[in-house]
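Q: Residues per chain are reported as follows:
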Amino acid sequence: METVPRWWQAMTSSLAPSTVNHIRERVKQIETLPTIPAVFLPLLNLLNLPIDQVKLEEVVKLVSYDNTIAAQCLRMASSPLFGLARAPESIKSAVISLGLRKVETILLTCCMGNVFSVKDWTIDPTNYWRHSLGCAMVCRKFSEKLAASDGDKAYIAGLLHDIGFLVNCMTFSKEFAAAMEHASTQQVPLEEAELATMGFCHCDTGLALAQKWRLADDMLQAIAYHHHPERSHSAQPLVALVHLSDLLCRMRNLGYGYYERRRVDLAHDPAWAILANEYQALEQMDLARFSFELDEAVGEIAALVDIIFGTSHKE
Amino acid sequence: MAGMQIAGSLSSPPDGAAVIDPVYRQIRDLVYKVSGMYKSEEKLYLLVGGCERRMKQVGTKSPRGYWEHLTAHPSRDGELRQLLNELTIGETCFFRSQPQLDAVRKVILPELAADKTRQITRRIRIWSAGCSTGEETYTLAMNMLEESTALLKGWTVEILATDLNDRSIEAANTAIYGDYALRCTPEYFKRKYFSVVDDKKLQVRPEVKKLVSFSRLNFQDDSRMLFMKSMDLVFCCNVLIYFDGPSKSKVIDHFFTNLNYGGYFFLGTSESLLNLNDKFHLVHFPGAIAHWKPSLGGGKP
Ligand SMILES: C[S@@+](CC[C@H](N)C(=O)[O-])C[C@H]1O[C@@H](n2cnc3c(N)ncnc32)[C@H](O)[C@@H]1O
Ligand SMILES: [Fe+2]
Ligand SMILES: [Fe+2]
Chain A
1 METVPRWWQA
11 MTSSLAPSTV
21 NHIRERVKQI
31 ETLPTIPAVF
41 LPLLNLLNLP
51 IDQVKLEEVV
61 KLVSYDNTIA
71 AQCLRMASSP
81 LFGLARAPES
91 IKSAVISLGL
101 RKVETILLTC
111 CMGNVFSVKD
121 WTIDPTNYWR
131 HSLGCAMVCR
141 KFSEKLAASD
151 GDKAYIAGLL
161 HDIGFLVNCM
171 TFSKEFAAAM
181 EHASTQQVPL
191 EEAELATMGF
201 CHCDTGLALA
211 QKWRLADDML
221 QAIAYHHHPE
231 RSHSAQPLVA
241 LVHLSDLLCR
251 MRNLGYGYYE
261 RRRVDLAHDP
271 AWAILANEYQ
281 ALEQMDLARF
291 SFELDEAVGE
301 IAALVDIIFG
311 TSHKE
Chain B
1 MAGMQIAGSL
11 SSPPDGAAVI
21 DPVYRQIRDL
31 VYKVSGMYKS
41 EEKLYLLVGG
51 CERRMKQVGT
61 KSPRGYWEHL
71 TAHPSRDGEL
81 RQLLNELTIG
91 ETCFFRSQPQ
101 LDAVRKVILP
111 ELAADKTRQI
121 TRRIRIWSAG
131 CSTGEETYTL
141 AMNMLEESTA
151 LLKGWTVEIL
161 ATDLNDRSIE
171 AANTAIYGDY
181 ALRCTPEYFK
191 RKYFSVVDDK
201 KLQVRPEVKK
211 LVSFSRLNFQ
221 DDSRMLFMKS
231 MDLVFCCNVL
241 IYFDGPSKSK
251 VIDHFFTNLN
261 YGGYFFLGTS
271 ESLLNLNDKF
281 HLVHFPGAIA
291 HWKPSLGGGK
301 P
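Sequences listed follow chains A and B, in order.
Using the working numbering, the first residue of the first sequence is number 1, and each one after it goes up by one.
Using the working numbering, the first residue of the second sequence is number 1, and each one after it goes up by one.
Derived from the structure by calculation, the hints contain no laboratory data.
Warning: the hint list may mix true and false statements.
Unchecked claim - Here are the computed lysine to any residue pairs in the SDA-like style, where the Cα-Cα straight-line distance is at most 25 Å:
| hint | chain 1 | residue 1 | chain 2 | residue 2 |
| --- | --- | --- | --- | --- |
| 1 | B | K279 | A | D269 |
| 2 | B | K33 | A | H22 |
| 3 | A | K145 | B | D278 |
| 4 | B | K106 | A | Y256 |
| 5 | B | K106 | A | Q187 |
| 6 | B | K279 | A | M285 |
| 7 | A | K174 | A | H22 |
Claimed, not checked - Here are the in silico distance ranges between beta carbons for each label pair:
| hint | chain 1 | residue 1 | chain 2 | residue 2 | range |
| --- | --- | --- | --- | --- | --- |
| 8 | A | Q186 | B | K279 | 30 to 38 Å |
| 9 | A | K174 | B | D179 | 46 to 54 Å |
| 10 | B | E158 | A | R86 | 55 to 63 Å |
| 11 | A | A85 | B | L151 | 28 to 36 Å |
| 12 | B | T71 | A | R86 | 25 to 33 Å |
| 13 | A | H268 | B | T121 | 24 to 32 Å |
| 14 | A | S90 | B | L151 | 55 to 63 Å |
| 15 | B | S62 | A | R231 | 55 to 63 Å |
| 16 | B | T121 | A | I307 | 51 to 59 Å |
| 17 | A | L56 | B | A72 | 44 to 52 Å |
| 18 | B | D21 | A | D265 | 55 to 63 Å |
| 19 | A | A267 | B | S247 | 20 to 28 Å |
| 20 | A | N67 | B | T71 | 44 to 52 Å |
All of these numbers come straight from a predicted model, not from anything done at the bench.
Beta carbons are placed, not taken as given, at the ideal position from N, Cα and C, and that holds for glycine.
Kindly generate the complete structure, drawing on both the sequences and the hints.
A: Written out as structure tokens, the structure reads:
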């Protein structure tokens with residue numbers, strides 16, 4: 001077994017080393033573990049390149065390998081959530097109206113639907129994808145309100161933040177089912193139920209997968225720390241943004257499918273202070289209105305989930 | 001930029017159905033700015049309907065012309081008030097917001113019941129402020145009664161309800177309601193807490209009325225507002241939308257004073273405080289927003 005890198009140890013310091021190894025071993029073993037699809041990583045990497053080094057042709061080529069994905073992408077690009085007056089007819093014209101970065105995130109979203117072949121969903125897949133897509137949308141919108149530069153990165157962080165739940169379904173299905181049961185009957189937050197029943201949570205399993213995929217450091221941090229942004233060492237604002245967006249989604253009908261008996265005080269969450277430090281615009285934010293606007297998007301998010309993720313969990 | 005950009009959707013529906021004039025979104029934003037009431041995209045047709053009725057009254061045909069009435073005309077303030085009336089007419093009903101009731105019963109009451117300092121008094125005081133004809137008030141009362149055999153066993157619940165309008169108070173005291181007011185009421189509650197008047201009407205039972213007292217009160221009456229002390233919950237739904245910024249701000253300050261530490265203030269489900277008060281914490285419950293007066297010492301209760 002390869003030695004555990006130091007930064008990994010730092011990132012999972014809250015768990016006993018034996019638990020960490022246990023997770024790593026299990027994640028390694030499973031064959032079903034998403035072999036990341038051919039286009040997914042190249043796309044993610046493009047997102048990290050400076051925009052002037054990304055070639056439109058490259059992106060278009062990557063998508064055109066797969067007709068289903070291309071069709072899903074077009075449908076998503078013409079969603080009211082992107083506010084285009086007319087539906088784009090090709091990926092190329094989508095790029096012209098939405099910009100390359102946005103189209104890349106759309107492509108990534110559609111690829112996600114084909115990455116995972118979960119056989120036994122413990123968490124309801126529809127809820128899971130609505131939560132993930134909702135969180136992605138909120139992350140981007142939130143960045144825009146803050147006039148933060150990287151809304152597209154925030155989107156991807158939101159989309160991926162809970163991938164650990166998928167790992168749970170695939171490799172810890174019995175344990176995770178018990179956690180899910182505990183959470184929904186006690187109406188407590190899912191991450192607390194995981195810790196109480198399994199001793200680790202989707203942040204840990206998600207991190208293991210993200211490392212296997214060799215995702216960039218800020219994505220690792222968003223996946224590992226979105227429930228504890230203060231523990232992040234190099235991507236705090238992004239992680240804080242994901243943290244708040246996750247909570248907001250859960251409070252506005254885009255949660256994990258059960259009633260969470262809790263009160264959420266976003267503006268007095270440590271994550272809020274982290275963001276306020278970075279972005280002045282946060283002070284002006286009208287949280288109530290932001291929530292109402294999210295409510296309006298819920299229907300369309302559900303429709304997109306049907307289209308993009310509907311097939312992946314029916315098989 | 002404001003919205004979630006969903007705006008694009010309805011102006012160009014794929015099937016070529018009714019196109020909403022973009023002016024209506026301008027009106028929506030104006031209404032939000034002055035009243036804090038947000039008409040979301042799927043409720044936009046209500047706003048359109050309200051505007052169209054007002055357009056007939058003022059005799060203009062185009063939304064653009066009506067926009068002038070709302071913004072440039074000398075009587076614009078009056079017109080805006082008329083429009084707000086149009087938008088809230090007949091809106092009140094029993095069980096208007098289940099998520100608010102869930103927040104009270106599943107999160108807030110357990111929190112209050114567990115609070116050690118309350119073990120002596122075992123009393124909960126609720127104010128239904130701007131209660132209109134009593135639907136909101138009785139809904140609260142029935143839900144509190146549901147808890148009186150469990151979580152609130154041995155507790156006293158007092159519900160004060162006030163409105164400016166005498167006739168509404170009178171109707172609230174009579175407590176007879178028809179189908180429309182009862183349209184969202186679960187059968188269980190109808191059977192348990194109402195008696196049949198005739199085939200169209202139900203009356204609230206005495207044991208529910210016993211929890212509630214109605215009186216007339218104008219929010220602009222400062223000395224009487226100060227008198228409403230020691231509240232645990234204040235509901236003021238769909239009333240402050242009629243107030244201008246400074247008077248709204250003053251009423252909200254009153255509510256803050258009226259509440260106990262750790263108490264909650266609820267607005268209507270699509271209303272915002274518009275950042276008019278920074279002493280309350282805006283808090284989320286699943287599907288509901290409230291404003292929390294921090295406990296002494298700041299943090300969590
Ligand atoms: C739309 S109704 C709200 C009824 C109920 N709270 C609900 O949400 O279903 C508004 C009520 O506010 C009352 N109101 C308006 N101005 C007021 C004032 N200055 N003081 C007290 N009540 C007022 C009106 O009389 C009316 O009954
Ligand atoms: Fe999570
Ligand atoms: Fe989440």
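Q: It remains to establish, for every hint, whether it holds in the given structure.
A: We went through each hint and held it up to the structure:
no.	hint	result
1	K279(B) to D269(A)	16 Å, holds
2	K33(B) to H22(A)	55 Å, violated
3	K145(A) to D278(B)	20 Å, holds
4	K106(B) to Y256(A)	18 Å, holds
5	K106(B) to Q187(A)	10 Å, holds
6	K279(B) to M285(A)	16 Å, holds
7	K174(A) to H22(A)	15 Å, holds
8	Q186(A) to K279(B): 30 to 38 Å	33 Å, holds
9	K174(A) to D179(B): 46 to 54 Å	50 Å, holds
10	E158(B) to R86(A): 55 to 63 Å	59 Å, holds
11	A85(A) to L151(B): 28 to 36 Å	53 Å, violated
12	T71(B) to R86(A): 25 to 33 Å	31 Å, holds
13	H268(A) to T121(B): 24 to 32 Å	28 Å, holds
14	S90(A) to L151(B): 55 to 63 Å	59 Å, holds
15	S62(B) to R231(A): 55 to 63 Å	57 Å, holds
16	T121(B) to I307(A): 51 to 59 Å	56 Å, holds
17	L56(A) to A72(B): 44 to 52 Å	47 Å, holds
18	D21(B) to D265(A): 55 to 63 Å	39 Å, violated
19	A267(A) to S247(B): 20 to 28 Å	25 Å, holds
20	N67(A) to T71(B): 44 to 52 Å	51 Å, holds
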